[in-house]
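Peer 1: Protein chains in written order, with our numbering: chain F, 1 to 469; chain D, 470 to 918.
Just so you know, the hints here were simulated from the structure itself, not pulled from any lab data. Any given hint might turn out to be false.
Under the rule of at most 30 angstroms between Cα atoms (straight-line distance), these lysine-lysine pairs were calculated in the DSS-like manner [stated by the list, open to error]:
no. : chain 1 : residue 1 : chain 2 : residue 2
1   : F       : Lys4      : D       : Lys547
2   : F       : Lys264    : D       : Lys694
3   : D       : Lys699    : D       : Lys831
Only part of the chain D face toward chain F is listed, based on derived beta-carbon distances under 8 angstroms [stated by the list, open to error]:
no. : residue
4   : Gln654
5   : Gly655
6   : Asn849
Even for Gly, the Cβ is constructed at its ideal location relative to N, Cα and C.
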Amino acid sequence: MSEKMLGPLLDRDLIQETISTAMSKGGQWAEVFVEDRQSASAEFDEGRVESMVSSRDLGAGIRVTVGEATGFAHTADLSLEGLREAALAAAAAARGGNHIEPVALRGQGASLNRAEILPSTVSKARKIELTRQTDAAAREVDSAITQVSVRYSEGRRRILVANSDGVFNGDDQTRILLSVNCVASGDQGLQTGRETVGYTVGFELFDQYDVEAMARRAARRAITKLEARPAPSGQLPVVIQRGGGGVLFHEACGHGLEADLVDKGASVFRDRIGELVASPTVTLVDDGTMGSEWGTIAIDDEGCLSQRNVLIENGVLTDYMWDHSRSRSSGREPSGNGRRQSYQHIPMVRMTNTFVMNGEIEPEDIVSDTEKGVYVAQLGGGQVNTATGDFVFGMTEAYLIEDGRITAPLRESNLIGNGPDVLQNIELIGNDFAMGSPGTCGKDGQGVPVGDGQPTLRVASLTIGGTAS
Amino acid sequence: MKNTAELPDLAQGLLAGARENEQFEVCLSRGRSTTVKAYLGQIESVRSGASQAVGVRIVVDGRQGFATAGSLDPEVLKQVVKEARENLQFAESDPDQGIAIPDGVAPPGLDLTDPAVLQLTEEDRAAVAIELERRCLSSDSRITGVRSAAWSDGWGEFALASTSGIAVQSEGGSCSVGVQPLAMQGTETQIGYAGDAARRPDALDLDRVVSEAVEDATRMLGATKPSSEKVTVVLEPSVAAAFLGTVVGALTGERVIKGRSPFAERLGEQIAVAQLTLVDDPTNIESLGADNHDGEGLAARRNVIVDSGVLSQFLHNSYTGRRAGTSSTGSAVRGPRSTPSVGIHALSIAPGVNNRDELFAKIKKGVFIRGVNGLHSGVNPVSGDFSVGAYGQRIQNGALGEPFREATIASTLQRMLLDIVEIGGDFEFLPSGTGMTSIAIADVALSGI
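The following block holds chain D by itself, in its conformation from the complex (with noise of 0.2 angstroms):
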């Protein structure tokens, strides 16, 4: 049953069964991950495990059909063929349906694969993962336990070859590490929480990690609510990066092309502040979302979505590009578990110059969010209404105060964007991979007592 030859080769011996008038294209992977959670000082619990994947998309007159499995087993790749081939009798029609045709463009040539995670051993995993919890629990004295410290590593390999000529593959690795301290104070307790992501295990910044995991929980100690009213918010960079990743999910062909985005209709149009440059730009290396080609196999780019608070472009894949008139902009995001869809690969945001403090400096009376959630109930991309929960702390003449919680934010993303008063100067790559400073916006309706 176990499968050992090559990705590649395993793809051109599915494409030979291609018949004649079929685009065809397979999609292939295989990895193992492993996780390592530590809990008092010990190993709570070690998961790993291998998984392989196969999507076969085959598009017939602009019928597509696609079926996938977990199982990279020669029985199971013949019966995925015969279901996409099935499956595509019950599509309907559609001239712009279709796989990627090479466009010419020349992947940026990363090299993205670092062997160093393929040497690590159980005991290098358990290791961090115990002193994350340890270094917590003896950096304060208010942190009394850790819910979750887990170490986390995988290695993967992914191969993509059509009809039309694509044969692209790639092979690498990643590792993370997550802690959840908690931290109390009378019958009160806090849950914080802070995580790194990179390539290889030597780039994680504990320090950090330990450092924004125990301020993220101690610092809420003692918060309560606040009034309600229209104040100036700074958003964190992980909290910028969710609500600039809200609206750059509005700018993908998909949402454009059906009419599923409030800025469908605003190409070339003054969308946000002049101050505000956003790029997806897979071909930086600095951010954990660099690739060298797309899900479809195409080149990965830098596409300038917003340019000076215009909106430039709309980001493509094949499909979605034909439709729209215009051609893919790398932007086909996909495993091989499913259809390519269109998607971000490595936001970022053009820095300003101040930093935090300076921004919180120019505020009389604001609040600085420090997390938000219910993202996926309280954002409607459709409509552009934005509503969600929000901790941090007050701003007062110009310095943080006390912290809030049990509070709410809401706008739209359209107001939002024209909002914006000022991009902070303090530029990260954060694990997500997305580049992003903390940002302040005005007008924004806080909801509390």
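So that you can see chain F by itself, here it is in the shape it has in the complex (with noise of 0.2 angstroms):
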């Protein structure tokens, strides 16, 4: 068997023996979570390597169900003996119903690997090569660059789901990331700028993609941010610029559509299906087919296979996001979105790549359009308060909007929101979708890789957390 199709991590038996175990006091329900993590970095800081590091985590978690209650165990002991003891434990927190015979598996717990380069065939130092060539490529950028680090990293994880009611299918993801830090150092102090590429993808990426543009424009970033004056502190209409603002409906509404904070009522789109929750113009979709995107996969962390789920419809609220435990209880067809940060987790609803479609408007009309606001190019790390909608993101490249002009760049600051009230302000998108960065999305301490993206776009108002009158 090549290195790119592998059969299951464990043996069917022993999973099939596992199940039966974990289902022994009275569970409905079991599942056994198999995964082989293995991931590799190098840092690359002050001009040098500074180290290399690599991991490896194999183990299983294992989850029994009876009615609403969840019992879960996880093991580094992949051994029968090791399973059989986490399943014991399992079961005894989901016990009690009447015995039910787990259905054989099917299906053959093999997974494929869509890498055409596995990282770990290639050298080190190629990957070190790398990560110097970046950094020579900022640091030319402008003498006022002081500092640049960079960071390589490559992440295999093959998986294995099987579950008593037959499913037996396994994954073998590989991700790939490259980020660039500088810091550019002027009178007024000191600024950043950052990039990051990553693919669900093998080390082909580095083929095509530019790591030196990339380093160039997170060099310029900083550069220009030296003379950035203060973000303004107040209400203002606020385009955002293709690919850099994705975060914002991943945090506005793409939280408050995952079905389990919907069913606990920590949902401000809570019984508003069929509702016009948006401007018309907006169509949301939560993809975890999408290429080699960072949030794809091929199956969730329960075996589902992944989909493509539109969540908004020209405006009109059609679905929310599920797993197998809150499909199950509503009576309906998982949407591929269980998805665990580990074999030491229990999955939940999770988004993959979720991003807003084209509208038809030219990116530079809607600049042009806008007679004061600012202009983000990207957007930072974001947070949300479902119950309330509430949502803040930080601005780490924003300019100012005079006259339908991009005019001054601003220094870095947060924008506050409230997810429903923005949907229904988009007042203009545009034609040019791009997806954006990497991100990992965190969710009651799990994180796990997603990716966003949308269109030039803008809103009508958003509240700048600046310090300028």
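Two chains, two separate frames, one set of hints: put the complex together.
Peer 2: Next comes the structure, spelled out in structure tokens:
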């Protein structure tokens, strides 16, 4: 068998027996999730290789449910005895139902790695050369660039999901990430610029991707901000550059459309299916099948095929995102959104690649139509309170718009808004869709890779958290 | 596959394989944890598990290699050593790189090994989680649900040994609770949160958790967007801890030696008002951050970072200390899964005298900040720019008033330290291990309408 198509991570009979053990105390449904994660990284800082790190994690998480109760136990011991111990621990917490015989495992449990060049087959020297090249390109931009750090990381995650419904599916996910951080030093102090590229892909990424251009963008971002003035304080129209602000939709409405939060009454979008929740120009999609994007998966961490889910169509709320337990209790199909950080975690509803579809307007017309406002070229991370819909996110590159033109750069600050309000207040949507930077979404202490994207668009009003009046 | 050997023995076994020219450090851990969540009066989930970890750091001629794995399986341990050796071939030499050398400082000798959490049963854990939910629901008619009511506890062992003669071990447990009630009024929903953590179950203050969580949710009902203006803000202790934690993050060796801190050149200078004194004190057993050793096995010690407003020292691990021409302050932070970085163990502020109401009484117009969000995106510890989402209550003529939300507060870390007008006397140790008070800061930009 080639290194790209591998059989199940663990023996079928061993898994079948573990599922039976897990249901031996009256559990109504059981699942075994096995994960083998290998990762490596290189840090290039202050003009030299600072460290190379490699890491390995292998283990299993066993879940048993009875009614609404879930028992879960994880172990790094994949022997028959180790799995049995974990299965019994999970079973002890979900016991007392009628005995149910698990369905025999179907499928092959095999997994295909879609990477053309597995990173583990590339020499460490080549990876270091890549970081060195990125560093040099950033430093060449301007002598004001005083610090550059570059981080390369690769991860291969093989998973196997089996459950008492007979599911026996595997996946083999390879991701590569390269990020560069620049510090520019000027009369007014220090400023930073950051760029990140990441895809669910092998080392062939660097056959096409221009890392030097990425390094120059990061360096220029830091340099530009040396001249930045304090951001305004108060409400203004905001134009967000394509690919620079998908995180807004991830935070502003994505989380509120996760069925677990909806079910517990912790979402402003509860009971609103079929209603007009956004401007009619907005169509919002979560799509885990999207090429080699950062949030792309072949199956989710509950063994369901990943799929494209339209959440808001022409402004109307069409569906939430679902995992196994929420879809089961609602009597519907899951949507491929059950994800977990690792074998040590219980999966929950998570996004994959979340984006707003194209509109029809030329992006330059959006800017020229804006008399006074803020142009955001890059947003940093964000956070949302799903109960109120209030969200914040940082502007890591932003400019003033004056008389329909992009003018002075602005210092970093947060934007704050309310998800449902923002969706109604999207006035103009461009025709220039682009995906944004790779992200890690945190929820209840678990981080998973997610992508986002959007065309250039304008929000009628957001609160800019600067210091200038 | 199961490895039941004592961690110090395992560590010494690995050290025995060190080659003559190698500085060799091994870090091992083993632990187990359980989390129980309740929902609608029943157990929603029980999650338990055992975990293990190894990290091996090898330095030869100033080149460092590191590898780690989530298993103590003998084959895995062998592989980790091999990987660490291979990785160092690719690092470039740095004369200051290396493992910690014993510095003769005696550890504080704290007894942190309280076996109380080992006695817990599943019933004990579930009972607390269910009780938390029930009490939130019954304490206020506006509480309509609880998004999450959770109990967690864990027990861990840790061992670190190196060829420089360091050999330390520790063992201990902790437990925590957290609850998120939902308050409803008309069509409006607000979510609250409160939690507590301790080394033993009977030290958790459930009454306080329930009342704080319920207040956190209900106080925000009817909140409106404030107008934009410069105001005096009072940060409640957890918010003050987040702000000062960011400041001290910029005072750690890595940031300083690499020129990534706005305070890098300011040692010995007045960076804050004279009322501000900050120490990192892991020798104080009152803090959950207390420890006998740092992440490189050196003795934990009390470090005065800001002394009456003067920047008195930076925090260092062995590497950053050597590079800065000084020595480690015992501030290495790490688990087996990473190389040592520099960080805070148990930050503590020197309290003022007045309680929170007395702080409010002096403010004609301002805001009380109950919570912030977007700290990871809105604070740049390199430039010092500070802008975060904030919610809380207005302060008018010396008293707390109506709630506000969907606002931001902004300034710079540098300015805020100099704009502190008063440090409260309401000192408490937070579940994070930080000892903090409320802090009043003038001239902060509040952005809303």
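Peer 1: Against the structure, test the hints numbered earlier, and report the numbers of the ones violated in rising order.
Peer 2: Numbers 4, 5, in rising order.
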